[in-house]
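A.B. asks: Chain order of the listed sequences is A and B. The first sequence begins at 821 in our numbering and counts up by one. The second sequence begins at 821 in our numbering and counts up by one.
Please keep in mind that the hints were generated in silico from the structure rather than gathered at the bench. One or more hints might be untrue.
Repeated chains share a single entry, so a pair holds when one copy, or any two copies, can fit it.
With a Cα cut of at most 25 Å, we get these calculated SDA-like pairs of lysine to any residue [said to hold, decoys possible]: (1) Lys-887 <-> Glu-861; (2) Lys-922 <-> Leu-895; (3) Lys-962 <-> Gly-943; (4) Lys-962 <-> Cys-920; (5) Lys-922 <-> Arg-945.
Quick caveat, the model's predicted, so the values are computed rather than measured.
2 protein chains.
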Amino acid sequence: MPPTRFQSMLANLRTQGHRVTPQRLAVLRYLAESAEHPSVEDIYRAVKADFPTTSLATVYKTVALLKELGEAMELGFSDSGNRYDGLRPYPHPHLVCTRCRKIMDPDLEGIADLTAELARESGFRILTQRMDFFGICPDCQKNASP
Amino acid sequence: MPPTRFQSMLANLRTQGHRVTPQRLAVLRYLAESAEHPSVEDIYRAVKADFPTTSLATVYKTVALLKELGEAMELGFSDSGNRYDGLRPYPHPHLVCTRCRKIMDPDLEGIADLTAELARESGFRILTQRMDFFGICPDCQKNASP
DNA sequence: TTGCTTGATGATAAGCGTTATCCGTTTCTA
DNA sequence: TAGAAACGGATAACGCTTATCATCAAGCAA
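Given the sequences, and given the hints that come with them, work out the whole structure.
C.D. replies: This is how it looks when you write it as structure tokens:
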């Protein structure tokens, strides 16, 4: 049985000699269970429910640490807060609803091929990639106000 | 003979009832000639060379106006200043050198198909998209320090 | 278990790019 | 060419993120 995301994050933390604190555990747990690509505020709110003295700074620091360890991926947005993915911490495409800000993970084939072709044609050594599709999700289309 | 980007921007500005000022002309001219996806600072520096009293706020306002008119596209980056494309103000993929911050426009086929497939499978109404490939450009690979 | 070292936490200030405000100036129409 | 309305310039405010620093606790050794 493969380790859960939570177990993997925790093991990585320990292996790299970082301390395990209740606040960190709470952040890990939340990220390991969230498919919604939460914001720092989302994480902060959730963690504070269990651990009311937690500071926003701690959430930022923990998230930065997980990013460094490769256990979380940051989705930066210049016009709103960044979002985090603890379940699939590697590049993959995203579907972003511009109305409710929901972010989903679509299945999309052929990105590796696309990247390889691009590298060959351009001479770039491509290290990572970001692919976002913006639109209106099915739910928001139903509850549509123009 | 089709209108140049500069002519097109200017015409759009006039048609929509916006005033034509020397500062705006300078920003248009620079954007219409730049394939480098300049930052606001880049534009500011260039405009100030011809028009030294120009304010940074004016550049921001002009760029926002052009964006609104569909004559410039913003490339937002959460970890550095945004960049602007006045030559191709519609979604297209970008190659970003993470060392020298150069941004290029590769030729890449099949994005429309990819988008259509994604819309069909997900039920999203996709309105726009963003596709960035990050890596080291050929120049920086030559002058490589580890 | 206890004590110690070092890293983590919490509160808040600082930083950075961008946007808002406000008043004097300029464009453009009539 | 005169007047109304929009624009420009200077700077304050904003939102998110990072830095600072004193206090506190995790983890190790004895």
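A.B. asks: Does each hint fit the structure? Answer for all of them.
C.D. replies: Here's how the hints hold up against the structure:
no.: 1; hint: Lys-887 <-> Glu-861; result: within (17 Å within a copy, 29 Å between copies)
no.: 2; hint: Lys-922 <-> Leu-895; result: both (13 Å within a copy, 21 Å between copies)
no.: 3; hint: Lys-962 <-> Gly-943; result: between (45 Å within a copy, 11 Å between copies)
no.: 4; hint: Lys-962 <-> Cys-920; result: within (13 Å within a copy, 45 Å between copies)
no.: 5; hint: Lys-922 <-> Arg-945; result: between (32 Å within a copy, 14 Å between copies)
Taken one by one, the earlier hints all hold for this structure without exception.
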